[in-house]
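Anchor point for the sequence shown: position 231 equals 230 in numbering that gives the first Met the number 0, and the numbering is continuous, going up by one each time.
To be clear, the hints were calculated from the coordinates, so they are not data collected in a lab. One or more of the hints may lead you astray.
Per label pair, the in silico range of CB-to-CB distance [unchecked claim]:
(1) 379 x 154: 55 to 61 angstroms
(2) 35 x 71: 19 to 25 angstroms
(3) 110 x 357: 50 to 56 angstroms
(4) 40 x 124: 20 to 26 angstroms
(5) 303 x 40: 46 to 52 angstroms
(6) 149 x 232: 35 to 41 angstroms
(7) 175 x 314: 47 to 53 angstroms
Backbone N, C-alpha and C define an ideal beta-carbon position, used for all residues, glycine too.
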Amino acid sequence: MKLNNVNFHFLGSNKWDEILSRTLISFECNNYSFPSKLFLRVLVEAFFSYRNDWNFSTAQSSKILFVGSSLDRMSNKDTFISISNLVDSDQLYSAKHARTFELLRGLFILMVCFPLWFIQLKKCGYPFRETLILMFVLKSILDFKSVLGIQKVDLAKYKAVVFFYDSLPEESYLVHLCKSINVFTATLMHGQFVARREKIMENCGLEYRTSFSDNFLCWNTFSKDEAIIEGLHEDKLIVLGIPSYVKSEFTKCINPNNGVFGVVLTHPTFEEENLKLIKAANSLAQKTGKKFILKLHPNYDVHYFDKYISKEYYLGNAAKGISILDYANSVEFSIVGSSSVYVELIYVYHNIIRFSSGRNDDKFRDITVGSVFNNHTTICDAFSKGFSDKDKDVLFDKLCSVKNVKKSYYNYLNKLV
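Taking the hints into account, I'd like the entire structure generated from these sequences.
Shown next, in the form of structure tokens:
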């Protein structure tokens, strides 16, 4: 089923196999689940949009535009703003918080756009449920196209457009608009990505497979190596460092020697791993007498893990939104799994014990340097190994790669303009 030759009504002709590739890949993944009451949801969503949630700020004589379509997490928005402020730039972004009900426009979408798109998609051979999903995505792109018009975004005035996450349909749509008028494009990374390992969304190499910008701005040499494995050309890949450190001077953390360690929990998708980390923390605390705190992923409720922790050793949670350096300075070491925070802690030379399941969802399974354990019974052995400065240097070169992140991004962006 090919979409490249489809001229979707009100959206035009474009490389739709690429623009919609994230959604198309989701259909292939064996863990993909359709929302409940899908048909009703699509009908209702016709009347709501995030068009008024987009912010467009301009700088005098700017030749570069930054675009972010999903900056719902404060840390992501902060990183986006910090990098775009390194040079004179225009910024177009949305946090997708405020939906607006639009009756007349909704009726037009429901009675005109959806039927026409439905016919076009069915001609391509898509099943009913997948057709509904694609219609929903096309509607989001139509909303975004409307934003470009409302905000009077003139792509032709820019030498380059930098995206926060060009895998997302709205940003991918704009990437292809830029390509059609020969405007250079680049995309940032907001987490540690790996090449394809299996047919589930988290481990299918999604970010690399759905990136069509001219440059992919990598965190580290590890990211670059994974992208090459996935088939991206080396010339496209630029290692600039971890964006969240663009406002920070390179600083090694201190060991407070306070008898407290941290447990870094990742996205709820990895709940099985998170529970193993807590079980290991309980074992280590009971063995050593040390206390521990949890560093929760923002998607978790603060009391979610209360029934799993050894309360006699548990001191509470790290403050929400705490900086990585402040967190690292508050504990002697951390137990970490497949979280991107692992890389950020390496940047500040923190003491780390990493859980490695060795499975496909273990992003760092091929990294054997440092203190590593694979179940709660071996956590004490990993702790006894200690924390080597040499290991920290090796890990930094592989997983951080750049110390002066601000200078690295500034030099790159300055060349674009």
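A quick look at each hint next to the structure:
no.: 1; hint: 379 x 154: 55 to 61 angstroms; in the structure: holds, 58 angstroms
no.: 2; hint: 35 x 71: 19 to 25 angstroms; in the structure: holds, 22 angstroms
no.: 3; hint: 110 x 357: 50 to 56 angstroms; in the structure: holds, 53 angstroms
no.: 4; hint: 40 x 124: 20 to 26 angstroms; in the structure: holds, 23 angstroms
no.: 5; hint: 303 x 40: 46 to 52 angstroms; in the structure: violated, 27 angstroms
no.: 6; hint: 149 x 232: 35 to 41 angstroms; in the structure: holds, 36 angstroms
no.: 7; hint: 175 x 314: 47 to 53 angstroms; in the structure: holds, 50 angstroms
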